[in-house]
Every structure is written in structure tokens, then in C-alpha cells.
Amino acid sequence: MKMLEDFGKGTTALIEYAGGVTMLGGETVGFIARARIRLTETLNQAYFLGFQSLIIVLLTSLFTGMVFSLESAQQAVQYGVGNLVGGAVAYTSVRELGPMLSAVVVAGRVGAAICAEIGSMVVTEQIEALQSLGLAPARFLVVPRLLALIIMLPLLTIFADVVSIVGGMWIAQTYAHINPDSFLSSARQTVGFEDVVKGLFKSVIFAIIIVLVGAYQGLGTRGGAAGVGQSTTGAVVISIILIFISNFIMSYMLFGVGH
Amino acid sequence: MSNIIAKLDNVTMRYGDKVILQNCSLDVVEGAITCIIGLSGAGKSTILRLLNGLRKPDEGHVYVKGVDICHMPETKLINFRSAIGFAFQFAALFDSMTIGENVSLPLREHSKMSEEEIEKTARATLESVGLEQTFNSMPSELSGGMIKRAGFARAVVTNPDIVLYDEPTTGLDPIVTHLLTDTIKRLRAQLNGTAVVISHDLQSIYMMADYIGMIFEGAIIAYGTVDELKKSMNPIVQQFLQGSEVGPIPL
Ligand SMILES: Nc1ncnc2c1ncn2[C@@H]1O[C@H](COP(=O)(O)OP(=O)(O)O)[C@@H](O)[C@H]1O
Ligand SMILES: [Mg+2]
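Here the protein sequences line up with chains D and P, keeping their order.
259 is the number that our numbering gives the last residue of the first sequence; the numbers go up by one with no jumps.
251 is the number that our numbering gives the last residue of the second sequence; the numbers go up by one with no jumps.
A couple of the hints might just be wrong.
Claimed, not checked - Listing some non-contacts, in silico: residues in chain P with all C-beta distances to chain D over 12 Å:
no.	residue
1	Ser2
2	Asn3
3	Asn23
4	Pro57
5	Phe80
6	Ile84
7	Ser96
8	Thr98
9	Glu116
10	Gln133
11	Val157
Said to hold, decoys possible - Okay, the calculated beta carbon distance ranges per label pair:
no.	chain 1	residue 1	chain 2	residue 2	range
12	D	Ile15	P	His178	49 to 57 Å
13	P	Thr75	D	Ser185	51 to 59 Å
14	D	Ala35	P	His178	47 to 55 Å
15	D	Glu16	P	Ser143	38 to 46 Å
16	P	Asp173	D	Thr12	48 to 56 Å
For the record, the hints were derived by calculation from the structure and aren't laboratory data.
Beta carbons are placed, not taken as given, at the ideal position from N, Cα and C, and that holds for glycine.
Next up, chain D with everything else stripped away, as it sits in the complex (with noise of 0.2 Å):
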């Protein structure tokens, strides 16, 4: 019986959580569509939140794709596909690593810094303030942050696919002697355009994701600078969680059953 109830409980409130954030992104996007853009903060947020997660990325699919390589290449060579071991890191990188390694880097860094610096704002007052003033949250600090890591993480992903390709090709030559031009003709072969494409949407959609829910347990801090501490840690273990539940969708979705 207390089970149940729990789990009644447990299924309002994630029912009430998923409606919050819905609301708060139907808000942001009323004022996108109404072009009520600070432009300025955007490009100012954009710059920070790209730049301040750069190194990470780059650092995670970097060594990501290495690993991978040193995985499979040797093995690859022993049973004489060695041409594919290119295709196979591209293919993984493009399609899954690539967008999955930032937006998960980007949530514990950007998630995190966007639900604390609101979190903040909410217990010293500063929330109350904008809203006193005549100014709604949604438009003053979660559009600009919202179309900024849009911008921003499909282009750090781009970056994770070029450095994880290029890790695992420097490994693949390195380790199996694999030559750099065969792993690029078969990466080449493997991966097309479509893929790219798919991949950069599913970063969207996690952009989409780390800053709604940032912003909105942000909003929703109670209780001082352990109030802070405690959504912070809940946004970014709720994004991560999410990002990978709807990357699985995502990709059984774009790239189908089967593939």
C-alpha cells in the first residue's frame, strides 16, 4: 500500500516536473517567435558557454576515439578488415559519441553553471526583481541561453567528430599500422552527409534539454546557498539521464531499426 502510494507520488510529481519544463520552454519560445531577443547577452552567452567547454570536449572525444581505435584496430587487422576500422570510428563518432560526449561534457559544465547562477539569483532576491520590474525570467535569462548553446553544441560537436576521427586514425596507424589515407576513404564510404546532419540535430535537441532543465531547477531553488548546491546537482543528473533516454530515441528514430 505505501508502495503504491509512493509511486502515485513519485508519478505526479515527474508528471508535474515534465509539465514545468514544458511550460517554461513554450514561454522561451513564445518570446523567440516574438523576436524578443536580447542579442547582445546571446552573442555574450554563446562566446562563454562555447568557449568555457571547448578544451573539455575537445579533451573527452579525443581520447574517446582513441580508445576506440586501440580497441578495434588490432582486433580489425587480426581478422583482415582492417580497411574498416576507419568507417567504424567515423560512423560511432558522427553518429553517436560525437553529439552524446558533448552534450554530456556541456551539461556538467554549462547545465550546472546556468541552474547555480539562476539558483542564485532566485535566493538573493534577483529573480523577484526582474519580475518586479516588468521583466519575465524566460525572456531575459533563458533565451539567450537557450538559442546561445543551440549555436554552440552542434559546433562543439562538430569538433568532437573531427578530433575523435583523428585520434582514432593516429591510434589505428600507430598501434595496426593502418594508413591514414585507407581509415579516411573507408570513414568516407561509411558516413555520408545524412549522418552528420542527424547527429548535429540530436545536439540540438540536447541543447534544448541542458538549458530548459538549468533554468527551470534554477528557478525552482528553495532555501538559501544549500538550496543552490542541491538543484545543481539535480540538473545535471536529470539532463544526463535525459540525454541519453532520448538519444536512444533519437537514433532509433533518425537512423532506424536494423541499420
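Using the hints, position chain P with the ligands against chain D.
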């Protein structure tokens, strides 16, 4: 007969199971300074937030300039609020902006003024609270009293009809308290507007208040001019005004 510019009408307000206000009514007289006194946690800040629609009552109504703002959608409310200034307890300046930007912001967002006019108006407003030197400073560079005054400047820069001050003098030394009380009085006269001030500082209240309302256990239990309240026979009011620990107020 004085005009009522805003009123709480039988408002009940809860947070979860906790009842904060119960059948609370308050009239705000146009052109006057109304001070609200009461214990910490009594619901004073909640009253100010009700008056500019930052909170909605569970029951009852809130009227501002004759309009019931309880059922106003947020999109309308947000424009409505530019006629009401709010000076927050801890000023709530945007800490990523300079003082000048803080004060210019409402003008930049709501008026059709040119950049020059905006800067001129913001500087003039800062000057009227004695902060003309701080235009390019960050909030973190200012003292407590200066931050409060910068908050006042931001609240009044759009010439609102009503200005709400949440504990403007709490935690400040007597000299700054005096200065801020003077500033509130002067700004009220300058705007030819109305002010609602939450305060614990009796000296400062006696200096500026036209009316005092005392909140206790969720409702305004006493209301009147300074003299009327001083002469009140209500033992709760007397205990509060004398700052005595002996009396009906549970400690
Ligand atoms: N957002 C909130 N959620 C829950 N309780 C709140 C909230 N805001 C205020 N309260 C509670 O409401 C009561 C009245 O608060 P407030 O109006 O700030 O009192 P005052 O300004 O008189 O000190 C306090 O007990 C406070 O804890
Ligand atoms: Mg208060």
C-alpha cells in the same frame, strides 16, 4: 476622504499547511506613507509581494488602482508591475551589472527613450539618492546603505505610482537609517506617489509614517495614524511599540 490606491480584501494565504495570512485586509491610502509593523515571519514581505502580484492569495482579493490583480495573467501583470516600484530587503541588485546598468534597465526595457536620455534619467535618479558617483561601480563595491539606496533608485526610476520598501533600514547604523528614512520621504514627495514601508525601526517609522498597520497572527489587527496607534488600547500594539517582553505576544 482620502483615496485608496491599493487594498488587500480579506486575503488568506498559505504555504503548504502553514497559514500565513488569514482574512487580512489593508487599505493603502494614495499619496501617503503606510508603514507595516509586525514580528519577523508575520507575513510582512508576503503582503508586499501580494501588492505587486508576485504572489497570489489563496482566498480574497488584491486591488491596485481599482483593478483586481489576482486573476490577471502573468503576461498582463508583468506590464502592470512597471507602475509599482519594489525596493527589496537586500536590494537584489543584479550583481553582473554596474549600478548604472541596474538603474537603466527598466527604462531600457520599457521606455522608448534614447540611450542618452536613459543615461541622463538614471544619473539624475542616482543623484536624488546621493549616489551620483557610483554609476560605473559594481554592486559588490558598495556599502550596505549605498546598496539599499541604489535599490531605491532602480525602484523609482520609472516614476511608479506606488513604491514598496521591504525593511529598508534593517541592519544599518542609526545615521544611515536616518538618511534612508529621509530619502524615502523625499522620493515620495518627488514622485507625488504612494509608499508602503515595512520597518522595525520605530524612530524611523514615527519620522515618516502617515499611517501604520500592525500585522499579528495573520491579520492587520491595528491601523491608524502614528498618534492613533500610540494611543491604542490594544495590549499587543502597546507591547510591540514599547519593545517589552512582558505582554500577550508569545515569544
Ligand atoms: N516561498 C515560501 N515558501 C514557504 N514558506 C514561505 C515562503 N515565503 C515565506 N514563507 C513563510 O511565510 C512566513 C511569512 O514570511 P514573510 O512574509 O517573509 O515574513 P516577514 O517579512 O514578516 O518576516 C514565514 O514563516 C516564512 O517562513
Ligand atoms: Mg520580510
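Comparing the hints with the structure gives:
1. Ser2: Non-interface label on Ser2/P holds, nearest chain D Cβ at 26 Å vs cutoff 12 Å.
2. Asn3: holds, 23 Å
3. Asn23: Asn23/P clear of chain D: closest Cβ-Cβ about 25 Å, beyond 12 Å.
4. Pro57: holds, 17 Å
5. Phe80: violated, 8 Å
6. Ile84: Label violated. Min Cβ-Cβ 7 Å, cutoff 12 Å.
7. Ser96: violated, 9 Å
8. Thr98: Its Cβ never comes within 12 Å of chain D, the nearest being 15 Å, so this holds.
9. Glu116: For Glu116/P, whose nearest Cβ neighbour in chain D is about 18 Å away, the distance exceeds 12 Å, so it holds.
10. Gln133: holds, 23 Å
11. Val157: violated, 9 Å
12. Ile15/D <-> His178/P: 49 to 57 Å: With a Cβ separation near 54 Å, Ile15/D and His178/P satisfy 49 to 57 Å, so the hint holds.
13. Thr75/P <-> Ser185/D: 51 to 59 Å: Distance hint for Thr75/P, Ser185/D holds at roughly 57 Å.
14. Ala35/D <-> His178/P: 47 to 55 Å: About 48 Å separates the Cβ atoms of Ala35/D and His178/P, which means 47 to 55 Å holds.
15. Glu16/D <-> Ser143/P: 38 to 46 Å: Because 43 Å falls inside the window, the suggested range holds.
16. Asp173/P <-> Thr12/D: 48 to 56 Å: holds, 50 Å
Against the hints set out earlier in the document, violations occur for numbers 5, 6, 7, 11.
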